[in-house]
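**Q** As a plain string of letters, each chain reads:
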Amino acid sequence: MILTNKTHITLLVLYGMIGFLAIWGLASHSEVASGLPLAFWMVLGTVGAAGAMLEILLHIRTREALNQMKKQIQKMSEIAEVGLVMVEEQWPVEGLAGMLNEYLTLIRKKMNDLSRERKELNLLVQVADAEKHNTEAIVASSSDAVIVIDAFGELTLANRLAQELFGFKLPDSKNRPIEQIISESRLQAMLDTAQWKYREPVTFEYELKARTYVVTISPVYIQSDELWALTMILHDVTQERQLAQLKNDFVNHVSHELRTPLSSIKAYIELLVDGDIKTAEGRTDFYKIIQSEADRLDRFIENMLNLNRIESGLMSVEFAKLNLKDELRQAAALVEYLAREKSIILENNSFAEEISIHADRDLLRQVVLNLLSNAIKYTNPGGKVRLDAGVSEDRESYWISVEDTGIGIAADERDKIFEKFYRSSGGRSLSGGTGLGLALVKKVVEQIHGGTIEVQSDSGRGSKFILHLLVKPAESSSRSEIEQEAIAL
Amino acid sequence: MSENNTIVIADDEAHILRVLELKLSSAGFTCVKAGNGLQAWDQIVRTRPALVISDYQMPEMTGLELAEKMYQENELRGTPIILLTARGFSLTPDDLAQTNIQYRVSKPFSPRELLALVQEILMGAVK
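Line by line, the protein sequences give chains C and V. Residue numbers for the first sequence follow this note's numbering, beginning at 1 and rising by one. Residue numbers for the second sequence follow this note's numbering, beginning at 1001 and rising by one.
Calculated directly from the structure, the hints in this document are not laboratory data.
Subject to a maximum C-alpha distance of 27 Å in a straight line, what follows is the list of computed DSS-like cross-link-like pairs (lysine-lysine):
{"id": "1", "chain 1": "V", "residue 1": "Lys1033", "chain 2": "C", "residue 2": "Lys342"}
{"id": "2", "chain 1": "V", "residue 1": "Lys1033", "chain 2": "C", "residue 2": "Lys288"}
{"id": "3", "chain 1": "V", "residue 1": "Lys1033", "chain 2": "C", "residue 2": "Lys266"}
{"id": "4", "chain 1": "C", "residue 1": "Lys266", "chain 2": "C", "residue 2": "Lys278"}
{"id": "5", "chain 1": "C", "residue 1": "Lys384", "chain 2": "V", "residue 2": "Lys1033"}
{"id": "6", "chain 1": "V", "residue 1": "Lys1033", "chain 2": "C", "residue 2": "Lys278"}
This is chain C alone, in the form it adopts within the complex (with noise of 0.2 Å):
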């Protein structure tokens, strides 16, 4: 029970007016002798005082009381936690402090779940921001150009590649309609259709700066139909389009070089076996050529498979002393036929000296075989073809060349002629060429053995090959630089 000032005040003087009655009573019993007996005044007199006492001592305690819960309740502002209040007396103030002790713990309970929403939505928050630097680490990570546009077409992320392929900084551009920073028509036209047309990602080639994209533009969508954003990917295929290209392009120069012999194999046998070669002499002829057709494509098989090998780090390099007068002259023989269905005169020279060399004999062998067949083909009938060797006077590195009077090649094409399949307007590489003889050539001397290729040529007036060789080639050196050209490619 908890009363005013005011109402402690009337009751005090309420009180005091009882005492003062009393006491008149007393004082003037004997004379007014007004009929009360003189126990009524004082039992008028004793309620006074004990009411008057009562009251102040009701005052105090309900101060006290009241100045314990302020200061609990300064406390609890203090140290902004909510708390009970506990009064030690709580007589005076009883329904007071059960009430407000009720409404604190209701705002304790309030403040508990709001304290829980904040940390949820703190942990919330942290979690979006994780993922935020997440995708930002991986568009900026991406090997692809990528572009996230709002739905209003004003540009959000962008990650380096992207910058650098349209030329903007996200810094000075974010926030900026992306027709601003993306002056590609087709794109922009791309990206219009894509906000209004568009729910699934939607796909398309692009040519930009010289090279190929496969474009990928994705619309996001949120709580079902609301458009949130627009992503751009824009994925560099140029290279895989040249590398397809140059596999097309070698396989149709394979399959040339295969059908190309096998064109004439097929033709000629299908001549004899129609009986249109009437003489003995005429067959003879056309089973050489169909041998000789035969061996160029083993040749070309031959060439083909060394070169992979060496180019893959795989080619099984043996070096053994050999004596460089038998392979030339092995080599001679192997060719005498071509040279002379073709009137061709072959000049041996290299049986002059005797040269130990140190080589890989079958690699040794087929470079000289490429080296003399190209001179054959490639001179007239009734020209002629030479081969030569020589050693240095120390006897440290020794020379094989083949020379020929053929059509020769143009001094812009010397360097060209090793590529494999290359085709000089010459037709050098045609006309019975493998397309790889030169190319295998120049691998097999230069990375195998160590040596250099040097060409002596004009157009129309024959061609000298020379290759200088150690006589003892650094055998480790060559095959390290094999190996690290294989994992090159």
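We have chain C already, so just place chain V on it with the hints.
**A** Only chain V this time, still in chain C's reference frame:
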């Protein structure tokens, strides 16, 4: 058969030229050989053949370029051409639009079937 029985055969493979010459000559045709596109053009201009058989892949000038060059000349525009190509090699109708390439024969080819085709084209021309 038409009075003009000259056929220009163009291929950078000497063996193929020899087979074609042998097969066509045995059937009564006069063959003029060319080892590349430019030589073929010279021979076509010189001999005005009834038919041209040309490889596609030749030095100096491809078979297609040769056919296009012929098409630009009024007097050569009507000369039929058989183009020898690698199997799987594709030419679009646009590629052939400015040529009189009537047939394409894939390598390896049968000289017997090629002769039959030549006879069919030239007999058809007579009719």
